[in-house]
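Q: Keeping the supplied structure of chain A fixed, place chains B and C upon it in accordance with the hints.
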Amino acid sequence: MKFLEDIILKLGAVDRRVIFFLIGLAVLIPLLTPISLPVRETPTTVKFYDGIEDIPKNSKVLVSFDYGPSTRPEIHPMNVGVLRHMLRNGHQIYISCLWPDGIYMALDALEEITDEVNPDNVSTFDIKEYEDYILLGYRPGAEAVIKGLASDLRKVYTVDANGNFIDDIEMMDDIKNLNDFAYIFSGSAGYPGTFEWVKYGGDPTGVPMSSGTTSVQVNEVIPYVQTGQLIGLLAGMPGAAEYEKLINVPGIAIQGMAAQSFAHIVIVLFIVFGNLAFFIKQRRDRKY
Amino acid sequence: MLLKRYIPIAIVAFFGALTLSAWFIDNEAIETFANDDATQFFDIIAAFAVFLGALNLLKLQFIKVLKQQSGWIYSAVAITSFFFAFIIGFFIRGAYFVGEDVYFSQKAAEAAILSSGSSQVAVPVDWGAHVQTDGSLFQWMFKYIFSPLSATMFALLAFFVASASFRAFRARNFEASLLLVAGIIIMLGRVPIGSLISSWTIMYILAFSIGIGINSYVKNRNIVFGWILGSCGLITGFGMTMGWPIDQPAIFFLPALQEWIYLVPNLAGSRAILIGIGLGIVATSLRYIFGLEKSYLGE
Amino acid sequence: MNNKFTVYTVGIVGIILLTFLLSVVPDSLNFFREEQSAMFVFTLIVIMIMLYEVKLAKSSSAPTFLRTIPGLKAVEEAVGRSTEMGKPILYVPGIMDMNEVETVAGVVVLGHVANMTAQYETELDVPVARAIVMQSARQVTKEAYLTQGRPEMYNEDMVHYITDDQFAYAAAVNGIMQRDEPAACLYMGKFFAESLLFAETGNSIGAIQIAGTGSQTQIPFFVTACDYTLMGEEFFAASAYLSKEPELIAGITAQDIIKVILIGFILLSIVSRAFFDLDVTDFNLITWLGL
Numbered sequence: 001m002k003f004l005e006d007i008i009l010k011l012g013a014v015d016r017r018v019i020f021f022l023i024g025l026a027v028l029i030p031l032l033t034p035i036s037l038p039v040r041e042t043p044t045t046v047k048f049y050d051g052i053e054d055i056p057k058n059s060k061v062l063v064s065f066d067y068g069p070s071t072r073p074e075i076h077p078m079n080v081g082v083l084r085h086m087l088r089n090g091h092q093i094y095i096s097c098l099w100p101d102g103i104y105m106a107l108d109a110l111e112e113i114t115d116e117v118n119p120d121n122v123s124t125f126d127i128k129e130y131e132d133y134i135l136l137g138y139r140p141g142a143e144a145v146i147k148g149l150a151s152d153l154r155k156v157y158t159v160d161a162n163g164n165f166i167d168d169i170e171m172m173d174d175i176k177n178l179n180d181f182a183y184i185f186s187g188s189a190g191y192p193g194t195f196e197w198v199k200y201g202g203d204p205t206g207v208p209m210s211s212g213t214t215s216v217q218v219n220e221v222i223p224y225v226q227t228g229q230l231i232g233l234l235a236g237m238p239g240a241a242e243y244e245k246l247i248n249v250p251g252i253a254i255q256g257m258a259a260q261s262f263a264h265i266v267i268v269l270f271i272v273f274g275n276l277a278f279f280i281k282q283r284r285d286r287k288y
Numbered sequence: 001m002l003l004k005r006y007i008p009i010a011i012v013a014f015f016g017a018l019t020l021s022a023w024f025i026d027n028e029a030i031e032t033f034a035n036d037d038a039t040q041f042f043d044i045i046a047a048f049a050v051f052l053g054a055l056n057l058l059k060l061q062f063i064k065v066l067k068q069q070s071g072w073i074y075s076a077v078a079i080t081s082f083f084f085a086f087i088i089g090f091f092i093r094g095a096y097f098v099g100e101d102v103y104f105s106q107k108a109a110e111a112a113i114l115s116s117g118s119s120q121v122a123v124p125v126d127w128g129a130h131v132q133t134d135g136s137l138f139q140w141m142f143k144y145i146f147s148p149l150s151a152t153m154f155a156l157l158a159f160f161v162a163s164a165s166f167r168a169f170r171a172r173n174f175e176a177s178l179l180l181v182a183g184i185i186i187m188l189g190r191v192p193i194g195s196l197i198s199s200w201t202i203m204y205i206l207a208f209s210i211g212i213g214i215n216s217y218v219k220n221r222n223i224v225f226g227w228i229l230g231s232c233g234l235i236t237g238f239g240m241t242m243g244w245p246i247d248q249p250a251i252f253f254l255p256a257l258q259e260w261i262y263l264v265p266n267l268a269g270s271r272a273i274l275i276g277i278g279l280g281i282v283a284t285s286l287r288y289i290f291g292l293e294k295s296y297l298g299e
Numbered sequence: 001m002n003n004k005f006t007v008y009t010v011g012i013v014g015i016i017l018l019t020f021l022l023s024v025v026p027d028s029l030n031f032f033r034e035e036q037s038a039m040f041v042f043t044l045i046v047i048m049i050m051l052y053e054v055k056l057a058k059s060s061s062a063p064t065f066l067r068t069i070p071g072l073k074a075v076e077e078a079v080g081r082s083t084e085m086g087k088p089i090l091y092v093p094g095i096m097d098m099n100e101v102e103t104v105a106g107v108v109v110l111g112h113v114a115n116m117t118a119q120y121e122t123e124l125d126v127p128v129a130r131a132i133v134m135q136s137a138r139q140v141t142k143e144a145y146l147t148q149g150r151p152e153m154y155n156e157d158m159v160h161y162i163t164d165d166q167f168a169y170a171a172a173v174n175g176i177m178q179r180d181e182p183a184a185c186l187y188m189g190k191f192f193a194e195s196l197l198f199a200e201t202g203n204s205i206g207a208i209q210i211a212g213t214g215s216q217t218q219i220p221f222f223v224t225a226c227d228y229t230l231m232g233e234e235f236f237a238a239s240a241y242l243s244k245e246p247e248l249i250a251g252i253t254a255q256d257i258i259k260v261i262l263i264g265f266i267l268l269s270i271v272s273r274a275f276f277d278l279d280v281t282d283f284n285l286i287t288w289l290g291l
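Note that the protein sequences, when read in sequence, are chains A, B and C. In case it helps, this note's numbering puts the first sequence at residues 1 to 288. In case it helps, this note's numbering puts the second sequence at residues 1 to 299. In case it helps, this note's numbering puts the third sequence at residues 1 to 291.
Just so you know, nobody snuck in bad clues.
Heads up, simulated BS3-like pairs for lysine-lysine below, C-alpha to C-alpha not over 30 Å straight-line:
id: 1; chain 1: C; residue 1: Lys55; chain 2: C; residue 2: Lys73
id: 2; chain 1: B; residue 1: Lys4; chain 2: C; residue 2: Lys142
id: 3; chain 1: C; residue 1: Lys4; chain 2: B; residue 2: Lys294
If you only want the chain C side, here are some residues facing chain A, beta carbon under 7 Å, derived:
id: 4; residue: Phe167
id: 5; residue: Phe192
id: 6; residue: Gln216
id: 7; residue: Thr217
Stretch-level coverage of chain B by chain C, calculated; a stretch enters the list once three of its residues show a Cβ under 8 Å from a Cβ in chain C:
id: 8; stretch: 17-27
id: 9; stretch: 41-55
id: 10; stretch: 148-162
id: 11; stretch: 270-280
id: 12; stretch: 284-297
These are calculated hints, taken from the structure and not from any lab test. Glycine is no exception: its CB is placed at the ideal position from the N, C-alpha and C atoms.
The following block holds chain A by itself, in its conformation from the complex (with noise of 0.2 Å):
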C-alpha cells in the first residue's frame, strides 16, 4: 500500500514536461492513426441546423470569417461546413471578412468546396464566382462594418476582394444592406465577432443570424441562444463535428474529436492523481 502512495505521491510531483509530452502523444496518436467515436448531436448543433433547413429555398445569405489561423481548426470546419450546407440548399453566398487574416480563412474554405469530388471524380459542387458567391473581402473598422453593412452596404464595399466594382456585379443587385439577406452566419473568434453581429446586425435588423464560435467564448454567448437572438450555436470543436454528422459530410472535426477525448481523458486522470498525491501527502503531514 505504501509502495502505491509513494507511485501516486511521484505522479502528483510529475515534472510539467511530462505532462506536455503526454498530451502531444494523447493528440498526435489518434490523428495519425484515425479513430472512430460516436458523435452526438446536442440541442443547440441541432437548432443550428434547423435554422439552416428553414432558410426558404434559393435565398441570399451572408457568411462572415472572422477567425484567423490559430483558431482554424475549431471554427474551419464551421464554415466550410455551412458554405457546404447552403449551396446544397440553393442560397447564394455573399462572404465578407471582419478579421485581416479571413480573407484567407475565406479563400482555402472555397478552395475546398471547388475541389471536392464525388466518388466518380466529378465536382461534388461546381460554383462560379458572382453566380454562386461573392467574395467581398475584408473592411477594417469592426463593428463599423456591421453598422454600415446594416444601412448601406455600398458605404462599406465599393468593390469586391478582386477589385471589381459592387455595382458591376449582378449579383449585388438587389442587395442594398443586411436587410437583404434571409440570413447572417458569422463565424467568429474573438474580436469583432459574434457580439457585434448580434449588437448591430441581427438584432437592429431583424434578420435571423447564428454563429460559431470557439469552446471557451461559448459561455458569454450562450445567453444569446437562449434568448433566441442567435438560432442554435455551432461550440467549438465538438459543435462541428456535431455539424459534420448532420450535414452528412464527415471532415477534421469529426477526425479530430478522437484526439481532443484522448487529451481530456489524459488532463482528467492527471487531476486525479494529482488530487490523489494531495490526500495522501495531507494525511501523512497530518500524522506527523
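A: Chains B and C alone, transformed into the frame defined by chain A:
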C-alpha cells in the same frame, strides 16, 4: 494646464456625452456620427499611430543588433521579417496571371509563357487585390510563415491548460471540490468519449466515492461495507430491470449532465459576472466622461 | 441615510416625469426616441446616483469603507518583492486599444504602479500591443516618475510597442519573461486566448502574478494560474482603491447602490413574468418597458 488638463477633459466629456445621447436622440447627424464617423475617426488615428509603434519597434531592435546585446540574432530576424512583409505588401505585386496560373514575378510568368509556347500575356494583379489574391506572394507568406506560427502559439494552450489544471485543480475545500467535479464532468461530457461512458458506471463510481466519504467520517467497516453492498446491489437491480440503457438515468449521463451544468448554474454565474462587469464599465465610463477620473491623462 | 433615500426617491420620480414629458411632446418638436424610454430612465438614474454620491463624498470627512481586495493589496507587495530581488516588474496593459474601457483602466492602474516603482527605484517594463496605448502609457508613466521626483529614472523605452497581432505579441512577451525573469508580472486590461500563455509562462519563472480583467472568458484562466486575480468590477475599482480619492470611491458606492436597484428590478421582473406565464395577469413588466 489648459492644454494638458482642461481641453482633453472637455474633449472626452463632449464626445462621450454625444455618443451616449445618440442612443436616445432621433437625429440623423448625431446617429451617423455615433454609429459610423466616431469609430472611423478612431480607426484612422489608430492606423496612423501604427507608424509610431513600428518606428519604436525598429529602433529598439536595431539598437540590440548594433550593440550585439544578448539575443540580438532574434532582433535581426524581427527586422528582416518586418522589412520582408513591408516590401512585399507595398512594393511588390507578387501575382501575375497566365491564364489560371499565378506567378510571383513577371519574369517567372514570362518564362512560363515561353516554355509553354502559348501567346498569352502575363496579367499583373491590381494593387490592393495583390494581398488577397489566391496564389500571390503575400498569400504565400501568410499561408506558409504566418499561419503555422500563429497556430503553433495557439496550440501551446492545449499543453498549458493541462499543466495549469493539474496544478490548480485541488480539492482543498468544498468549493474547490465542486469546481473539480464540475470540470471533470464538462471535460468528459463535452467530447464523444463521454457518451461512451454509461450512466451506470457513473452511479457505481458515485457509490464507491460516497463509501469512501462515509469511511472517513464513521470509520466503521460494517457500515461502509453495508453501504457499498447495498448501493451496488440497488444499482445492479435497477440496471438489470431497465436493460442497462447507456443514457439512463439521464441525471448520471455525462453529456446530459454537462449540458445542464452549462445551461443552468454556469449560465447563471456568468450572467451575474457579466452584469457586474457591465455595471463596472458603465460606472468607469461615466467617471471618464464627467472628468472624475483623470489618471489616464497622467494626473 | 434617510436624506439620501429621500433624494433618490425624488430624483427617480423626477426622471420618470421628465421622460414621460419628453415622450408626449409632438414628434415635430421632439427628438426623443420613445422606444428607449426605459434605458433613458435607467441611464439618468445611474448618473444621478453617481453625481450625488460624489457630492456627498466631497462634503463628508468620514472615510468610506472599502472591503479589502487582496489582489490590490498585493500590488505593493509585488513591487517590494521585485525591489528586494533586484528584478524588473513586467506590466501588460492588455492587447486591445484605448477604445476599450478595460484598456483605459489598465493604463490608469499602470500610473499607480509606476508611482510605486519610481518610489522604490524598481525597473518597469511595459510591452504594449497598440501604438495609441504606448503613447498613453508613456504619458502616465512619465507623470508618475515626475510626481515622485525621479525624472532621471524615466526612460521612454520602458513602454515599448511590440506588434498588433495577438499571438506574435504573446510570443514576444513570453520571450521577455523567459529572458528577463521579472519578479512580478501584472496583467491589467482586456485579454483573449493569450492570457493563459502569459500566466503559465509567468508561473514557470516563479514570478508573483496579479491579473485584472473584465474579460469574462479569461477570468478562469487567470484565477487558475495567477496568485491574485481582480475579477470584473474589482478591476474597475482598482483605480479608486489605489488612489483612495473620495470622489473615485464614491463612484464605487454609487455602483453598489445601482446594483441593489438592479437586483430589485430583476426580482420584480421575475415575479411579473411568473404571473404573466401563469395567466394570473396580462401584464409583463419587461414587454411593457420595451426591453
